[in-house]
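Asks: The chain contents come next:
2 protein chains.
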Amino acid sequence: MKKIINDPEQFVEETIDGILAAWPGYLRRGEESERVLVRADAPVEGKVAVVTGGGSGHVPIFLGYVGKGLLDGVSVGNVFSSPSADDMLAATKSVNSGEGVLYVYGNYSGDCMNFDMAAEMAQFEDIRVVTSRVRDDVASAPHEKADGRRAVAGLFFAYKISGASAEEGGDLEEVHAATKLAIANTRSMGVALSPCIIPEVGEPTFTLGDQEMELGMGIHGEPGIERTGIRTADELAETMTRKALEDLPFSRGDSVAVLINGLGATPPEELYILYRKVSEILDAEGISIHRPFIGEYATSMEMAGASISLLKLDDDLTRLIDAPAHSPFLLQQLGT
Amino acid sequence: MKKIINDPEQFVEETIDGILAAWPGYLRRGEESERVLVRADAPVEGKVAVVTGGGSGHVPIFLGYVGKGLLDGVSVGNVFSSPSADDMLAATKSVNSGEGVLYVYGNYSGDCMNFDMAAEMAQFEDIRVVTSRVRDDVASAPHEKADGRRAVAGLFFAYKISGASAEEGGDLEEVHAATKLAIANTRSMGVALSPCIIPEVGEPTFTLGDQEMELGMGIHGEPGIERTGIRTADELAETMTRKALEDLPFSRGDSVAVLINGLGATPPEELYILYRKVSEILDAEGISIHRPFIGEYATSMEMAGASISLLKLDDDLTRLIDAPAHSPFLLQQLGT
Numbered sequence: 000m001k002k003i004i005n006d007p008e009q010f011v012e013e014t015i016d017g018i019l020a021a022w023p024g025y026l027r028r029g030e031e032s033e034r035v036l037v038r039a040d041a042p043v044e045g046k047v048a049v050v051t052g053g054g055s056g057h058v059p060i061f062l063g064y065v066g067k068g069l070l071d072g073v074s075v076g077n078v079f080s081s082p083s084a085d086d087m088l089a090a091t092k093s094v095n096s097g098e099g100v101l102y103v104y105g106n107y108s109g110d111c112m113n114f115d116m117a118a119e120m121a122q123f124e125d126i127r128v129v130t131s132r133v134r135d136d137v138a139s140a141p142h143e144k145a146d147g148r149r150a151v152a153g154l155f156f157a158y159k160i161s162g163a164s165a166e167e168g169g170d171l172e173e174v175h176a177a178t179k180l181a182i183a184n185t186r187s188m189g190v191a192l193s194p195c196i197i198p199e200v201g202e203p204t205f206t207l208g209d210q211e212m213e214l215g216m217g218i219h220g221e222p223g224i225e226r227t228g229i230r231t232a233d234e235l236a237e238t239m240t241r242k243a244l245e246d247l248p249f250s251r252g253d254s255v256a257v258l259i260n261g262l263g264a265t266p267p268e269e270l271y272i273l274y275r276k277v278s279e280i281l282d283a284e285g286i287s288i289h290r291p292f293i294g295e296y297a298t299s300m301e302m303a304g305a306s307i308s309l310l311k312l313d314d315d316l317t318r319l320i321d322a323p324a325h326s327p328f329l330l331q332q333l334g335t
Numbered sequence: 000m001k002k003i004i005n006d007p008e009q010f011v012e013e014t015i016d017g018i019l020a021a022w023p024g025y026l027r028r029g030e031e032s033e034r035v036l037v038r039a040d041a042p043v044e045g046k047v048a049v050v051t052g053g054g055s056g057h058v059p060i061f062l063g064y065v066g067k068g069l070l071d072g073v074s075v076g077n078v079f080s081s082p083s084a085d086d087m088l089a090a091t092k093s094v095n096s097g098e099g100v101l102y103v104y105g106n107y108s109g110d111c112m113n114f115d116m117a118a119e120m121a122q123f124e125d126i127r128v129v130t131s132r133v134r135d136d137v138a139s140a141p142h143e144k145a146d147g148r149r150a151v152a153g154l155f156f157a158y159k160i161s162g163a164s165a166e167e168g169g170d171l172e173e174v175h176a177a178t179k180l181a182i183a184n185t186r187s188m189g190v191a192l193s194p195c196i197i198p199e200v201g202e203p204t205f206t207l208g209d210q211e212m213e214l215g216m217g218i219h220g221e222p223g224i225e226r227t228g229i230r231t232a233d234e235l236a237e238t239m240t241r242k243a244l245e246d247l248p249f250s251r252g253d254s255v256a257v258l259i260n261g262l263g264a265t266p267p268e269e270l271y272i273l274y275r276k277v278s279e280i281l282d283a284e285g286i287s288i289h290r291p292f293i294g295e296y297a298t299s300m301e302m303a304g305a306s307i308s309l310l311k312l313d314d315d316l317t318r319l320i321d322a323p324a325h326s327p328f329l330l331q332q333l334g335t
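Those protein sequences? They're chains R and A, same order as listed. Numbering-wise (numbering that gives the first Met the number 0), the first sequence opens with residue 0 and increments by one. Numbering-wise (numbering that gives the first Met the number 0), the second sequence opens with residue 0 and increments by one.
Please note: incorrect hints may appear among the correct ones.
Quick list of the computed label-pair ranges, beta carbon to beta carbon [to be verified]:
{"#": "1", "chain 1": "R", "residue 1": "24", "chain 2": "A", "residue 2": "241", "range": "20 to 30 Å"}
{"#": "2", "chain 1": "R", "residue 1": "31", "chain 2": "A", "residue 2": "146", "range": "48 to 58 Å"}
{"#": "3", "chain 1": "R", "residue 1": "250", "chain 2": "A", "residue 2": "24", "range": "18 to 28 Å"}
{"#": "4", "chain 1": "A", "residue 1": "334", "chain 2": "R", "residue 2": "237", "range": "33 to 43 Å"}
Which chain R residues stay away from chain A? Per the calculated CB distances, all over 12 Å, these [stated by the list, open to error]:
{"#": "5", "residue": "12"}
{"#": "6", "residue": "126"}
{"#": "7", "residue": "224"}
{"#": "8", "residue": "294"}
{"#": "9", "residue": "322"}
It should be emphasised that the hints constitute simulated quantities derived from the structure, not laboratory data. Backbone N, C-alpha and C define an ideal beta-carbon position, used for all residues, glycine too.
Can you make the complete structure from the sequences, with help from the hints?
Replies: Encoded structure:
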């Protein structure tokens, strides 16, 4: 295992230490837990708070999305493992200003169980909590079982919309409604070219041959829908974009935000080669791209691969996707 | 070779096509060459223009640094190859507003030869050109032969400073002087964990064993100064930071900008684990970090590894490093 790390058991703690050392103006540790990070100015008076949580190994997911116009706090689990209910409760209490708290996170069983428990505990402390689960990965279950789908990079859209809605002064019901709509309107699909290694495990999460790619693989290496030979960028763009388009379905006249996400080891050049084709496909379908996001928005450490996410916009979602958002982990892709 | 590409011969063209499709508000093609990109609003009236050029395969180096507060234009070569003198001349003419043009680029022989030729051709067309070459890699030649050193991620500091100086209205002599000082005050060193593959070649640029790392390797796979076994992040931070510190030398009381750069496949988590130790070392040495930059600022496609760059600041450089800079390839790490 070749990684730039020290003791594998300290991977998460040392990552957090480095992040806090770098960005004291953006982030601070929450109260009651070493595994909670919150906005430096949390709790923000008069504002609904948005909280997430999830396993480590996906930066900028999850803690990279804490900031003004984004999330208020995050609970940080071990690599690819859910944070505890106690840590999620600690995050909740650290950001609560009395206007209520929205949980937005990926639809993974460990997270669902722990964060439901945290929400219950928060209610006992008179903190109102509502929950939105992201399930954007069309490859993870068929259309008729969409409620069971996993989250992938579409998490970014849910964070961006919920954070903007809270920042502009929405109440808990409004922020929740905007987030639900963003989740309902998001579809993603990915492809993996190589595995990653969990530091504490030391072995690749899966194997793929030198001439193999896996379509629809999840961000922890969950099985996809097809193991294929080498496909070109244009073929991959075609397959992934069509799968996403037909699932909602998106249709002529729609306006969308597009996210081309790199899983970790994939060069930016390749993401732009994908975008070139995705934009051609959408153009031919009469779907207009309101705004692209291209880069590493949700990673799996050194995994190679990419995903395509589409968010169908209405007027409200357009305003919210365009709103400013501040994080040292976010590329300057909002505004010219 | 597993890459998300189409025809390897079209790698550069399709990357540029994707970038132009994504960011018309920031970038446009220059005149007279398909291999030139310039600011959407170039030439900027009354402003010194700053131009760079270099081989592809390093995004956001080079074309990611074209933007307001950054560079005015860039000539784009094939992967790891210099652009032609004609392309550099085309970039020069596309951005020239009559206030003179500064060339800032890495100290590689092909670039030096072609861009010197372009500068001569520009003089014939009555465009004043001056040149600054970046040579920040302390591992590429000993201190007494510092003029022959290669450029690595320290290019970012030279771009940031020259772009800010031009944007604030400096004349050609002032922009040149600020850039020279930034280059004189920058030191970098890197480590490689794995090679990359040039699309048109199809083979790894070098081989490294499963238990090997190479200290001081260049961004095209140029030999470093030591091939070692696995070292911890703290050991790597110690070696690279000390080498950089003692070369200038930096000393107690200095204020610096720090860049922890990922070469491509290295996860952000590992860069923050490095930063954690680098900030401890600098703190112990009485050197204060004015501003960190952490992420992928200069890549080598899917190469795994990282580099550490330090820029010693005075009052002018502090103002210039803090100035706004706009690019969809740049992380939001300027201002809180």
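Asks: If a hint holds in the structure, say so; if it doesn't, say that too.
Replies: Going down the list of hints, with the structure as the test:
For residue 24/R paired with residue 241/A, a C-beta distance near 28 Å keeps the hint of 20 to 30 Å intact. The given range of 48 to 58 Å is respected by residue 31/R and residue 146/A, whose C-beta atoms sit roughly 56 Å from each other. Look at residue 250/R against residue 24/A: about 27 Å separates their beta carbons, and that is inside 18 to 28 Å. Distance hint check for residue 334/A and residue 237/R: the Cβ-Cβ separation is about 40 Å, which falls inside the suggested range of 33 to 43 Å.
Chain A draws residue 12/R into its interface by the beta-carbon criterion, the shortest separation being 10 Å against a cut-off of 12 Å. No beta-carbon of chain A comes within 12 Å of the beta-carbon of residue 126/R; the shortest separation is about 28 Å. Once the 12 Å rule is applied to beta carbons, residue 224/R is consistent with being away from chain A; the minimum gap is 18 Å. Residue 294/R, annotated as away from the interface, has a beta carbon of chain A within 12 Å; the closest lies near 8 Å.
Taking the minimum C-beta to C-beta distance to chain A, about 14 Å, the non-interface status of residue 322/R holds against the 12 Å cut.
Comparing the model with each numbered hint stated earlier shows that hints 5 and 8 do not hold.
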